[in-house]
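J.: Protein chains in written order, with our numbering: chain A, 1 to 327; chain B, 1 to 388.
Some hints could be false.
Stated by the list, open to error - Covered stretches of chain A (chain B as the covering partner; in silico rule of three or more C-beta atoms under 8 Å from a C-beta of chain B):
| hint | stretch |
| --- | --- |
| 1 | 97 to 109 |
| 2 | 116 to 129 |
| 3 | 186 to 192 |
As the list claims (entries may be wrong) - The following residues of chain A were derived to be distant from chain B, with all beta-carbon distances above 12 Å:
| hint | residue |
| --- | --- |
| 4 | Asp-17 |
| 5 | Leu-135 |
| 6 | Arg-264 |
| 7 | Pro-286 |
| 8 | Ala-299 |
| 9 | Glu-307 |
| 10 | Arg-310 |
Unchecked claim - Computed beta-carbon distance windows for the label pairs:
| hint | chain 1 | residue 1 | chain 2 | residue 2 | range |
| --- | --- | --- | --- | --- | --- |
| 11 | B | Gly-238 | A | Lys-149 | 28 to 34 Å |
| 12 | B | Val-376 | A | Glu-133 | 43 to 49 Å |
| 13 | B | Ala-265 | A | Gly-55 | 58 to 64 Å |
| 14 | A | Pro-105 | B | Val-376 | 31 to 37 Å |
| 15 | B | Leu-5 | A | Glu-136 | 26 to 32 Å |
| 16 | B | Ser-319 | A | Asp-146 | 42 to 48 Å |
| 17 | A | Phe-29 | B | Thr-39 | 53 to 59 Å |
| 18 | A | Ile-308 | B | Arg-19 | 56 to 62 Å |
| 19 | B | Leu-5 | A | Ala-73 | 36 to 42 Å |
| 20 | B | Val-377 | A | Ala-73 | 30 to 36 Å |
| 21 | A | Ser-152 | B | Ala-31 | 34 to 40 Å |
| 22 | A | Lys-149 | B | Arg-300 | 21 to 27 Å |
| 23 | B | Val-377 | A | Gly-322 | 38 to 44 Å |
| 24 | A | Gly-232 | B | Thr-301 | 41 to 47 Å |
Just so you know, the hints here were simulated from the structure itself, not pulled from any lab data.
This one's a predicted model, so the numbers in the text were calculated from it and none came from an experiment.
Idealized CB from N, CA, C, for every residue including glycine.
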Amino acid sequence: MRTDTAPPENARDEATDDVLVVRDVVRRFGDLVAVDGVSFRIAPGETYGLLGPNGAGKTTTISVVAGLLRADAGSVTVLGRPVGPRHVDVKRHVGLVPQDLAIYPELSARENLMYFGRLQGMRGRELTRRVGEVLETVGLADRAKDPTKEYSGGMRRRLNIGVGLLHRPALLILDEPTVGVDPQSRNAILESVEALSGEGMAVLYTTHYMEEAERLCDRIGIIDSGRIQAEGTRSELIRLTGELDRVRLAGDGDVAGAAAAVARVPGVQHVDADRTGMLLTVADAPTAVAAVVAAATGAGMTLTDVEIARPNLESVFLQLTGKALRD
Amino acid sequence: MRPLLVMTAADLRQHVRDRSVLIFALLVPLALMFVFDLTFGGMDDLELDPVDVAVAAPEGDPLAEVLVDVVGGLDAVEVHLTRATPDAARAMVRDGEVALAVLVPDGFTDAVTGGREVVVDVVENDQGELESAVVQTVLRAVLDGFHADAVAVAAGASAGLGPEQLAALAGTAAASAPRYATTPGEASREQLTFGGSLVAGQAGLFLLFTVGFGVLALLTEREQGTLARLQSMPMRPGLVVGAKALSAYVLGVTATCVLLVAGGAFFGVSFGSPPAVLVLVLAVVTAAVSLVFVIARVARTAEQAQIAQSILAMVLGMSAGAFFPITAGGVLGTILDLNPIAAFMHGLGITSGGGGLADLGRPLAVMLGFAAVAAVVSRLLPDRRVAA
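With the rest of the complex left out, here is chain B:
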């Protein structure tokens, strides 16, 4: 046990003296966080301005009224509605009095419930482009809903339903609008804010570099000849590898904790329960150390190992969303879910949303499973390093 601690302490002392560890483990990720925050940091604080909309809709038309109510009652953007005739509405847009005019034709409900084609005109100018786009998106969604219901009513007519039944069906269609609702779902509670994603993503990405300094020192020892000397010492040969793993672990845990604390402080992000976050850090460092041991097994030289490590770090980091959010479904989505850095970020999302240790089963399983598989692979792979 004493040789293990002696070797680990010596490794750490050298890593501290070798400034590249401090640079790659702390300074570069912190600098990148700031750069990304400066570039994209406004996205979290995005606020839409109120938008003026003119509406020309036939009086007493039930579905037209639904449409007007939906547009006027949007939560995402404050809409100031002005009722007008179609010509007046167009003029208001042209004159810049409103950003958008919605022109609902006469007989709108009859056309919709009859399954006939009907056109709602939208006229816009270049004011409030983003806000106008939001209003138009909502309009399109409501009209799509109307169309589906209209098809249902039309189908009922063709099936021989009586006028009363058709009227009831149309009434139901009208009453059921709006067709969308926003409720905070499970996913959003597990979602990190932009700043949180930035801090967690950079911490996860650079973790692979950091633990690489520890594990890949094994290859450096071989190249500089000190490995032979260590193996000639009166201790079990496996302790040399154990010391590299331990120093990598200490470096990884320390750097990740520092990055989360410093990044969290700089960006005003709270990752939640410290014990839960610490467990996540320990798990992701375990996965990273295991992965780097695979690299150390496969690479012939320290240079080869560093290249492989950089590629893996970038692939895992980027696919986890360290730079930009990435979503995918199907097989690709499943593969992305097995990424330990993605699991780490997912776990931090849970803790930042108030989750505790009991809620971390899935991300912990992914990270520790990844570590176990990597450990087995590193044992099974043939050692490509040339015998001395």
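For reference, chain A alone in the conformation it holds in the complex:
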């Protein structure tokens, strides 16, 4: 049996300033435990990424957070107010951008926005003005009157996001918003999300694209099999693996002398040299690379190329779950 265990709608969680607080949420579908004790928080202006492969529990978690599904256990609050299918008013503070293109093909972009705006309780000049702003934000002002069935996939994706942020929600939930989008539209979407976060909106972003999570998210929760396996900033997560950055110096001249000089640079852990250059392992490559280059050239090496390779979230995910993100 499923119960809405959250407190009454007017109850406030005074203990936090976080926009979203998810505590020990469990959601089952029959015998399948889709979400198993998930907890995380998002502060104003913070972008939190749920990174995981398909079937990890991202969309179910989002459905509970957006109030589409009840949690079997645990609680979700937005601005301190409980979230659930029966809690109507708190939904005004949440903007949902579903994974599917949740817009009407027969209606134009403006009509779609006006429609969802009215359902959000907006009306009159406020609604008209806000629709105009959103159309500008998502770059669809010049095609606002065309039926969306005539739009490209990227344009529809942008409108899909526009509907979610129309009512200026405190929390914007984006469920894999760039799936099936061309690179240009994808970049536009990512820029929009960065801008919204900069305006103070809390953003919950799910993806299985590592590079998106790395670019957008202040903190990342790695989710698999319905559980948060690890959580933190990108650097914190990478430190969990114990892996170091790698720097490759290519060139000629006194490579052996340069290798000896580079080995003395703080942060450099190991140096392997050969006739064409050297490979270093470094604790924090961006910080150390200037000193490394100076030491190598000062020791008589003529550099032709410098290449930095950092461990990424893909390797973190692989180490934590034993599988790749796109599995």
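For chain A, the structure is supplied; the task is to place chain B on it using the hints.
T.: Chain B only, in chain A's frame:
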């Protein structure tokens, strides 16, 4: 309340833009009405030609005279009788002077009242086949009646009745002919004309398609992802279903009224009291909307739902007589009577015959009962749609 109206208005706007609603709700049924009218439309105006019949009957034979009088006095077809000898009557048929000859043998009454076998010969040519068939049908019915009476007289004789009593019995048998009468009964007053049946039947059949556009949009919303977005809006989740029901209702009432008015005008049919007809329309749309909600509950996809809806529409429409009149007795007849489209047509028959709201109890009970049962079933059935 405002979100309900906003969603309903948006649904209706999309249905209007999506031409398939206009096509299925109005154009196709109107086109079918015309096609059926062109094909079968002459049946209402069927008029029989006069038919010439030669009769050879023994003079002074009471039952033979009854037979001749019945044939000559038919209402359904005008019969021109010519008395002749048997041979002359046969010759007239052969020569094409008459379409039919009825040859009643001598001693006809004695044979009938004595319970003995007697043969009335009917000779026909290929003139006026339909009119001849009508005359022969009536003859057969009268002779069947004579036979029953003859058996009664014969039974009286075997029971030891005296000659006077037997004569009185035979006289009664003779005097009671003809054995049939036509009076306008209750059923005929509730019967729609051919054109009326066509308009009402097509309106009822396509009503299920029309309301389907409204209700089954729920499945389309799920498939295109907008249902999740609607459920994330600050309103009660039940309003989404309510809006679909309301838009289906508006579509159904509008389309049915337009079809009845347009069809009635084209075919010269009056369905009677507008308020009574409107009540019938509201009731049948309620039943149709409830039924489509059952489909929406059972079907996993919009495509499945459309197939189920088409099958149900055809079954209910055809069994109601949307294409051809269908009659059945017993259990099957009772089942057919519970068909809301049949009840709708029955109700229109009553109103077109001059009935008012007070006369619509039975068809309204059938339609609203059907709606109530379907509504309960749709609530009790497990939702087969896969959770998102």
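J.: If a hint holds in the structure, say so; if it doesn't, say that too.
T.: Tested hints:
Judged by the Cβ-Cβ criterion of 8 Å, the stretch 97 to 109 of chain A is covered by chain B as claimed, because 10 of its residues qualify and three suffice. Beta-carbon proximity to chain B at under 8 Å applies to 5 residues in the stretch 116 to 129 of chain A; the threshold of 3 is reached and the given coverage holds. For a cut-off of 8 Å, the count of residues in the stretch 186 to 192 of chain A with a CB near a CB of chain B stands at 0, and the three-residue condition is violated. The non-interface label for A/Asp-17 is consistent with chain B: the shortest C-beta to C-beta separation is roughly 23 Å, beyond 12 Å.
For A/Leu-135, the shortest C-beta to C-beta distance to chain B comes to about 18 Å, beyond the 12 Å cut-off, and the non-interface label holds. Distance check for A/Arg-264 against chain B: the nearest CB is about 59 Å away, which clears 12 Å, and the non-interface claim stands. With a closest Cβ-Cβ approach of about 40 Å to chain B, A/Pro-286 is found to remain outside the 12 Å limit, as its non-interface label requires. Non-interface status of A/Ala-299 relative to chain B is upheld: no Cβ of that chain comes within 12 Å, the nearest being about 61 Å off.
Interface exclusion of A/Glu-307 from chain B stands, the closest Cβ pair being 43 Å apart, more than 12 Å. Against chain B, the non-interface label of A/Arg-310 holds: every CB pair exceeds 12 Å, the least being about 37 Å. Range check, B/Gly-238 to A/Lys-149: Cβ separation about 29 Å, and the 28 to 34 Å hint holds. The hinted range of 43 to 49 Å is satisfied by B/Val-376 and A/Glu-133, whose Cβ atoms lie roughly 48 Å apart.
Take B/Ala-265 and A/Gly-55: their Cβ atoms lie about 60 Å apart, and the range 58 to 64 Å holds. A/Pro-105 and B/Val-376 have their C-beta atoms about 35 Å apart, which keeps the hinted 31 to 37 Å range intact. Between B/Leu-5 and A/Glu-136 the Cβ separation comes to about 29 Å, which falls inside the hinted range of 26 to 32 Å. Here the CB-CB span from B/Ser-319 to A/Asp-146 is close to 46 Å, well matched to the stated 42 to 48 Å.
In this structure the hint that A/Phe-29 and B/Thr-39 lie 53 to 59 Å apart at CB holds, the actual value being about 55 Å. A hinted range of 56 to 62 Å holds for the C-beta pair A/Ile-308 and B/Arg-19, which are about 59 Å apart. In this structure the hint that B/Leu-5 and A/Ala-73 lie 36 to 42 Å apart at CB holds, the actual value being about 38 Å. A C-beta distance of roughly 33 Å is found between B/Val-377 and A/Ala-73, which places it inside the suggested range of 30 to 36 Å.
For A/Ser-152 paired with B/Ala-31, a C-beta distance near 38 Å keeps the hint of 34 to 40 Å intact. Remark: the range hint 21 to 27 Å for A/Lys-149 to B/Arg-300 is upheld by a beta-carbon distance near 25 Å. Against the hinted window of 38 to 44 Å, the Cβ-Cβ separation of B/Val-377 and A/Gly-322 comes to about 49 Å, which falls outside the hint. Under the hint 41 to 47 Å, the C-beta atoms of A/Gly-232 and B/Thr-301, about 42 Å apart, fit the expected range.
In summary, the numbered hints that this structure violates are 3, 23.
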